[in-house]
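Undergrad: Put chains B and C on the given structure of chain A with help from the hints.
Sequences listed follow chains A, B and C, in order. For the first sequence, my numbering gives the first residue as 1, with consecutive numbering after it. For the second sequence, my numbering gives the first residue as 1001, with consecutive numbering after it. For the third sequence, my numbering gives the first residue as 2001, with consecutive numbering after it.
Hints may contain errors.
Quick list of in silico lysine to aspartate or glutamate cross-link-like pairs, EDC-like style, CA-CA up to 20 Å [as the list claims (entries may be wrong)]:
#1 C:Lys2122 - B:Asp1010
#2 A:Lys85 - B:Glu1179
#3 C:Lys2122 - B:Glu1258
#4 A:Lys139 - B:Glu1258
#5 A:Lys292 - A:Glu204
#6 C:Lys2221 - C:Glu2206
#7 A:Lys82 - B:Glu1179
#8 C:Lys2117 - B:Asp1010
#9 A:Lys292 - A:Asp368
Quick caveat, the hints were computed from the structure, so don't treat them as lab data.
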Amino acid sequence: MPADPVSGAPPPGDLQLLSLTKRFGEFTAVDDLDLVVPAGSFFALLGPSGCGKTTTLRMVAGLEVPTTGEVRLGEQDITWAKPYKRPVNTVFQSYALFPHLTVYENVAFGLRRQGRKEVTEPVRDMLRLVELESFGARKPAQLSGGQQQRVALARALINQPQVLLLDEPLGALDLKLRRQMQIELKSIQGEVGTTFVHVTHDQEEAMTMADTIAVMHRGVIEQMGSPAELYESPRTTFVANFLGQSNLVPCAINGRDGGDLVIDAQGALVRMPAERAQVHQGKAWLGVRPEKIILGSPGEDLPGNSLGEARIVDVSFVGVSTQYLVRTSWGQELMAFEQNTGARPLMRAGDQVHVRFAGAHAFLLDHDQDARAGVDEDSAA
Amino acid sequence: MIRLGRWVSDHAIMAIGAVVLAYMFVPIVIVVLMSFNRPASRSAYTLDAFTLDNWLHPCEPEGLCSSLVTSMQIGLLATFASTVLGTLMAFALVRHSFRGRAATNVVIFLPMASPEVVMGASLLALFVSVGFGGVLGFWTILVAHIMFCLSFVVVTVRARLQGMDSRLEQAAMDLYATEAQAFWRVTFPLVFPGILSAALLAFALSFDDFIITNFNSGQTTTFPMFVWGAAQRDVPMQINVVGTAMFALAVVAVLSGEMLRRRRERVQ
Amino acid sequence: MTSSAGAPSVAPELAPDGDASSPPRRRRSSAWFLLLPGALWLVAFFLTPMVQLVATSLYDPSGSEETGYAMTWAWGNYVDALDFYLEPFVRGFAYSAIATALCLVIGYPLAYAIAFKAGRWKNLMLVLVIAPFFTSFLVRTLAWKLILSDNGFVVGIAKTLGLIADDGRLLATGFAVVAGLTYNFLPFMVLPLYVSLEKIDHRLIEAAGDLYSSPAQGFRKVTLPLSMPGVVAGTLLTFIPSAGDFINAQLLGDTTTQMIGNVIESRFEVGDYPAAAALSVTLMVLIVAMVAIYIRRAGTEELL
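Excised from the complex, chain A in its bound form:
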């Protein structure tokens, strides 16, 4: 049995998932997953519903038994340990607070089960941490959503787990409260230093909070890295579309020129750094984020690659920026976001523009992948 997670715990180790697989009958929810979550990090598992992220989380919590593979925590193999024998606690989706117990008893639950006699002090400290000191005598039903969320967090954190699992912890909150809780969660994590593994389908939430994000799709991890890394250099069409938006232009690689690749994008010759490409020959998808597209007046001389002339078909003014939809000469529609700095006048639908982008901001993806993968998934905007 793992050492008492409250007192005399072994130094927290990395959470390691080794070839973890979970099948439900014919359906493979998690497929040969390898993952290392460094101790003390804020880690996000991001993916659309049904991608296997919650199943992965439940296997770490011990609520689901893997079909094959291993779950290790530092030096310990906890693959088959019962949930109550792991130094791992969970903040459940919609919280699963015990409705018949007070807030105080909910928070004290884990300590009591571990045989701790004196719980008053730690419970009070924990309630203070989540700013619910005066709510100890209430029942969960008498709290607001945000307060319930904080009780769920306190109830798990009080056990000083080596890993805290958060299963869509903010999903039930409204947008404003969610933003506020994101910041709070992040600061609490910094304070307690526990490894947080956060499962979510909300890319913005993952990017706001996590140090490292693993994007999951169909039971496998598509890409893992820091939020900026994932956003700037997606390696698959799914990641390109699921995290933010991407324009993917079908293209062919002509060859190499020094450190650059020369690419034929629908007749326009463009250059980009070779290290930003997943493929180096044949057909590919040229990816450019909408805010990286520069719309110039025809004839205006701007640096970077040209994709030729295009016509604006739709303009959405959204305050901080304006979103343009342009139709290129080969008939594809591209998204372009422009900051409303006031430096340039707004353009109107029907205007002719010149489409440009900097090669250092583009990425090149495998042409065999579906260009629409991840587009209509349920990532919350």
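TA: What follows is chains B and C alone, placed relative to chain A:
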């Protein structure tokens, strides 16, 4: 004028509801009145004069109180057995997956969809065919009562269990509760109200059953059977005392439960 | 301990109680431990008796309790039973159908009022619906006997209003039996109706009003269809017990108002088991068939 019409249509349905409720209480009023009645003659079942005799001497009619005791005994035993068996079945049905679940559900549903007369008759047919015809009595009644209470217990507890979030148990186990602790600290307290109402329902069904009991009772007399026997001859007023007392007890129990609940809510 | 699922590692810290390094046993058998006692009880004392009832219905009708019964596959019992007792059969079903319809007509407004109009009186009204039924079924039915008696106030009023003849009576008539059935099974109608009305999102009714439905149309097109599960459950819960009832017909009726329950009861009483069993099986088959057709027609299979 429009406002009046609106008021009438808003309250008409409530008025009809109140009338229907009042109708449901007409026989209760009669039962209460009759419990204080001194009939003109032994065979006359009519309201006549006021008396407290029936309340002071409830056991006067021969066999009434012993039949009540029998009903209580059978009711308590049948409630206990059917609540235990039915609760276990409900847990199996909600918390486990196994083959034969659909068939089990049908077997549980059927007793509730069968006319009592058929169930009573079939049990009698069974008892007679295995040579128990001569030993009909307390135990055969008990067997029958457990049988027909069982389905109602399963359905009641199952509904409560289905309404319970199974993640609560997982949360308990995540918070270092063993399976047994998770059950007794979380599952059981949350399902208990369902078990309690199932037990009350079982007791009410058992205590009030006449049709099935009648087939399988032999020489044993339960309270409904006593009333039935009395109805064929002359009805002692004391049965109304029992009816009134049961009604009062039930209402007091329900109201105090409700009051307790309200007070607990207010305290928090 | 070795794992059977391809995870052969044994972590020294976790090995001692063997929990962490081997997959937990799948205790599917525990479901059977929970299920078996109750299931066996139902098999032994519900299903087996039903089989025995069918067998009994095919016994030699000339048997008796003293001489015993011989299995002679006497299908004629059914012919004879229906031949002799067709009238109480039809009467019983007719009374039950009328009582069920009456329960629906008077129960629906009550359930509707509790679900939508009672506000803070909701719980109290629910208690009041159930409360009368804590008084014994038989005691209540005897009270109806008094209410409908020849010199009671109901008969008096009916005579004054000219609803019945001066020498007419209510007790010992079909009217009294149907009245008794209606009264006794009313809560079985009201409660399921209430449950399904309660579930209706009140905004749907408002939406109907917003979309130009009159209150009556809103009720007919929205409320009523959505409460159908309650209507189906309520009518079944009312019809089934009343179709097998013999208490109301015995206490409130006379020999001309006998229902099939009375016949079954009296046949068993006199030891004519084969005939009684044949009648019981027929009643059961008819009810099961009607329930099946009814549920299918109403499209509420999930009721089961």
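Undergrad: Each hint needs a verdict: does it hold in this structure or not?
TA: Evaluation of the provided hints:
1. C:Lys2122 - B:Asp1010: holds (16 Å)
2. A:Lys85 - B:Glu1179: Holds - the C-alpha atoms of B:Glu1179 and A:Lys85 are around 11 Å apart, at most 20 Å.
3. C:Lys2122 - B:Glu1258: Holds, because 12 Å separates the two Cα atoms, which is no more than 20 Å.
4. A:Lys139 - B:Glu1258: holds (19 Å)
5. A:Lys292 - A:Glu204: Judged against 20 Å, a Cα distance of about 19 Å means the pair holds.
6. C:Lys2221 - C:Glu2206: holds (12 Å)
7. A:Lys82 - B:Glu1179: Within the cut-off at roughly 9 Å; holds.
8. C:Lys2117 - B:Asp1010: Roughly 8 Å separates the two Cα atoms, so the pair holds.
9. A:Lys292 - A:Asp368: violated (24 Å)
In summary, the one numbered hint that this structure violates is 9.
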